[in-house]
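K.L.:
Chain by chain, the residues:
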Amino acid sequence: MKISTIILPLIIFLALFFYAPFIILGYQSFQGLGGEFTLDNYLALVRDPTYLHVILYSIVIAVETTVITLLLAYPASYYVARIASGQEKIILLALLLTPFWIDVLLRSIAIKTIIYTIGLREGYTAMMIGMVYEYLPIMFLPIYASMSRISRSAIDAARVFGANTWDLIRRVIVPMTLPGIVAGSLLVLLMSMTEFVIPSLLGGTQGFTIGSLIYYLFLSGGLWGVGAALTMIVTVMLMVFAFVIAKRAGDITGW
Amino acid sequence: MKGVEVYVEGITKKYGSTTALDGVTLRIPPSEITTLLGPSGCGKTTLLKIIAGLEPPTKGRVYFDGRDVTNLAPEKRNIGFVFQDLALFPHLNVFENVAFGLRVRRVPEAEVKKRVYWALDLVGLDPSEFAKRRIHELSGGQQQRVAIARALVIEPAVLLLDEPFAHLDYKIKQRLLLQLKRIQRETGATVVYVTHDQNEAMAVSHRIAVMNNGKILQVGSPEEVYERPNSSFVASFFGEANVLPGEGGFIVIRPERVLINPDRADTVYDAYIEDVVFQGPLLHIEARVNGKIIKIIKPRNGMAVKPGDKVRIGWLQKDVRVVPE
Amino acid sequence: MKLLRYYTYALIAMLYIPIIVMILYSFDNSKYFGEWNGFTLRWYEQLLHDTQAWSALKNSMVVAVLSAVISTAIAIPAALMARDREKDIVSLMIYPPVIIPEITEAVALMLLLIYLGFPLGLVSVLIGHTAFNIAYAYIALSPVGGAGARLAVAARTLGADRFTAFLKVTIPVSMPGIIAALGLTFMMSFTDFIKTLFTKGPGFDTLPILVWNRARRPGLTPYTSQPAIAALATTLILISITIALAYTLYEVRRSEKQGEL
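From first to last, the protein sequence lines stand for chains G, Z and A. Quick note, the first sequence lines up with residues 1 to 255 if you use the working numbering. Quick note, the second sequence lines up with residues 1 to 325 if you use the working numbering. Quick note, the third sequence lines up with residues 1 to 261 if you use the working numbering.
Misleading hints may appear alongside valid ones.
[What the hints assert, rightly or not] Straight-line C-alpha distance at most 30 Å; calculated BS3-like pairs for lysine-lysine:
hint, chain 1, residue 1, chain 2, residue 2
1, Z, Lys113, Z, Lys181
2, A, Lys168, Z, Lys114
3, A, Lys87, Z, Lys14
4, Z, Lys59, Z, Lys2
5, Z, Lys215, Z, Lys318
6, Z, Lys76, Z, Lys181
7, A, Lys2, G, Lys89
8, Z, Lys76, A, Lys87
9, A, Lys2, A, Lys31
10, Z, Lys113, A, Lys87
11, A, Lys87, Z, Lys59
12, Z, Lys76, Z, Lys215
13, Z, Lys76, A, Lys168
14, Z, Lys292, Z, Lys310
15, Z, Lys76, Z, Lys114
16, Z, Lys59, Z, Lys215
17, Z, Lys14, Z, Lys215
18, Z, Lys14, Z, Lys2
19, Z, Lys113, Z, Lys2
20, Z, Lys132, A, Lys168
Just so you know, the hints here were simulated from the structure itself, not pulled from any lab data.
Hey, can you work out the whole structure from these sequences and the hints?
P.N.:
Right under this line is the structure:
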């Protein structure tokens, strides 16, 4: 079809500065040290246990972050969406949304003050506190949205038909908020997997994750080929992940 | 103002594999109100948009007074269009909304004011009261009038209205329909009015084109279409009708032409009264004949039937219309 | 139910306690977090004379303003004027910039720029920020896009040509979306750290980069003592909150106006 000139600037800019870079990245990932075509960069990631360890370690951190933020955010989202009303609801929502405006870098430093105050130092615990702190509002929002969409009459109906509180949670509220749970978990999982700032500032010796590895390979180590291969894998993996889970979620939840 | 004659010839419109309009030809006489009537999805709004130039036809031509305007941009056609959702400009007040078409035509300021006031008067909005109002301060009916004034102020060659009163209360709708008729009489504009509501169509039109499935089925005055429908679809869509299998297709008999216990009739059946509903001065009666329901409408006075009554019903041959399908 | 309320309040408090504690430490007359040596304003005084911080602030502002204006300008025609099928293409193109992790697109862009021999600095950072900001500008504009296009059609039936309809109707009607897009893209750029880190080259520092550099090497100089970093971070938070508040107030006033509709 004919593409009119009005969307051309956008298409050209993104093609040049978003999509072309990934082509270069893909090219680089197959380049050997002498400029020859090679698969060594990819093989190195699998063969070298250090790399593999970092990747698995990052996944573990991401899953932990997802589970903890889900458990913490779910009851609060129920309270804000279904119980709080009027002024209280607006204030609570505003308070939950404001942290979005404060950059992760600044929040990491804020967490650091807390860590030091309670006598901890940088390390795994400090990093996890930082991760949960950062991703809690992101988990909250989609769950809150789906919680708000449950109609009053659905809950009333369940009550009328004799559901106790536990039945209500198990058979009505959780199934009906499944889209929010899936969306929130997916979002947190994908974003936290490549988190770079929090592990770097709070993780100490425990803070070497995929993000740090990419940083190291490109900016300190000079191993561009391996760095490009790792970045390609992460990108492709996350894209596939996002599409597959979004599709699966559609099947499960009827989006 | 003298309206133009609009002639659409062999218009076909396809969206991908679906056909919205299928070879439509229609002459819309000047200085009359012509209604495009049909169920939703019949293609009536698409036809209106093609006349306006907002959509290009896949095939066919559009003529204004014999001039081919098929490829003319909408802003060059000198039309007035009242949108279903009105599409009033929220960032402009009432005066500036109405003045918009004059401003883009570079009409001098004094003339703009004169004509905007004329248009607001015409639709029954007092300019001194409403000119400075914001759009969102108006009621639904008032917004409707502004939309019509905005379309009329440029003295359009043809005024196109796309279900403009669909979301209004019954009473306001009736008032605006009468006003639209008066405005048309006073301005002499050619008006094309799109609706799915047969009552609106009857109230407002000089001519009605009944549409279904992208085709025009019948064109004529409201009386003609009502009295002589050319198909069972037209008969049942425009007014109530009993459609029964008969010789050479179907026979159509209007409910008010069905006689109860007639002294003289060309066709007579034995029937049971199934249901009787009071509708103000009228009775809506359903009678069962050989397992089939016949709708009957009668004035209430002097009619004493109740469910379960055994009656004879019938009709005169002159009141029966035979249609092919 | 009461328990749930206390829980929610406590959870929200947890979001703010670290920030409040950090603000307190920015007045702490010591060198490290966790030890309180009395109240002082010296970290803020030091900040006033901190030429590095001022130049970083200037860089951040220049990049953020330019990136906001350019990305919004590029997104406006696509979001407000494009036909549905064109919008499908655009939506497809802006999806990846939103979901792909920033660090990977930062690395990829850095590689491209180095391959092209493009000097790293203000312009390269600006390009990087604009690449993701276009997507956010487009998203912020989308809600007003429908109304703008619809009313432009109405304007054309009244005799306005395409350009006049865009200028006189689409732009004014879409103003709330345009301001939202500018505000959002400014904030995204002003607080961006990762993309800047990879595309900035040596010698061009924005405020987040400065914070990062100093936070990584605490205690070496007066500027990198932990309370000094807290003071810098607090200042940045104040800037962010001010812009966020102005933006929120604007939104609230706008929705109040529209509430009468």
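K.L.:
Against each hint, give a clear statement of whether it holds in the structure.
P.N.:
Cross-check of the supplied hints:
1. For the proposed pair Lys113 (chain Z) and Lys181 (chain Z), the alpha carbon gap of about 25 Å is at most 30 Å, so the pair holds.
2. For the hint pairing Lys168 (chain A) with Lys114 (chain Z), the CA-to-CA distance comes to about 22 Å; that is within 30 Å, so the pair holds.
3. In summary, the hint linking Lys87 (chain A) to Lys14 (chain Z) is supported, as the alpha carbons are separated by about 21 Å, within the 30 Å threshold.
4. For a cut-off of 30 Å, the pair hint linking Lys59 (chain Z) to Lys2 (chain Z) stands: about 29 Å separates their Cα positions.
5. At most 30 Å may separate the alpha-carbon atoms for a hinted pair to count; Lys215 (chain Z) and Lys318 (chain Z) meet this at roughly 29 Å.
6. Taken as a hint, the Lys76 (chain Z) and Lys181 (chain Z) pair is honoured in the structure, with Cα atoms around 26 Å apart against an allowance of 30 Å.
7. Taking the CA atoms of Lys2 (chain A) and Lys89 (chain G), the gap is near 15 Å; set against the 30 Å cutoff, the hint holds.
8. With a CA separation close to 27 Å, the supplied pair Lys76 (chain Z) and Lys87 (chain A) stays within the 30 Å bound.
9. With a C-alpha separation of about 43 Å, the suggested pair Lys2 (chain A) and Lys31 (chain A) falls outside the 30 Å cut-off, and the hint is violated.
10. Note on Lys113 (chain Z) and Lys87 (chain A): the hinted pairing is violated, with a Cα-Cα distance of about 40 Å set against a maximum of 30 Å.
11. For the suggested pair Lys87 (chain A) and Lys59 (chain Z), the alpha carbons sit about 26 Å apart, so the restraint of at most 30 Å is met.
12. The suggested pairing of Lys76 (chain Z) with Lys215 (chain Z) holds, with an alpha-carbon distance near 28 Å, which does not exceed 30 Å.
13. Of the supplied pair hints, the one linking Lys76 (chain Z) and Lys168 (chain A) holds, its CA atoms being roughly 18 Å apart against a limit of 30 Å.
14. A threshold of 30 Å between alpha carbons decides the hint, and for Lys292 (chain Z) with Lys310 (chain Z) the separation of about 15 Å falls inside it, so the pair holds.
15. Between the alpha carbons of Lys76 (chain Z) and Lys114 (chain Z) the distance comes to roughly 23 Å, so the proposed pair stays at or under 30 Å and holds.
16. With a CA separation close to 14 Å, the supplied pair Lys59 (chain Z) and Lys215 (chain Z) stays within the 30 Å bound.
17. The straight-line distance between the Cα atoms of Lys14 (chain Z) and Lys215 (chain Z) is roughly 13 Å, inside the 30 Å bound, and the hint therefore holds.
18. Distance hint between Lys14 (chain Z) and Lys2 (chain Z) is unfulfilled; the C-alpha atoms sit about 33 Å from each other, more than 30 Å.
19. At roughly 22 Å between alpha-carbon atoms, Lys113 (chain Z) and Lys2 (chain Z) fall within 30 Å of each other, so this suggested pair holds.
20. For a cut-off of 30 Å, the pair hint linking Lys132 (chain Z) to Lys168 (chain A) stands: about 19 Å separates their Cα positions.
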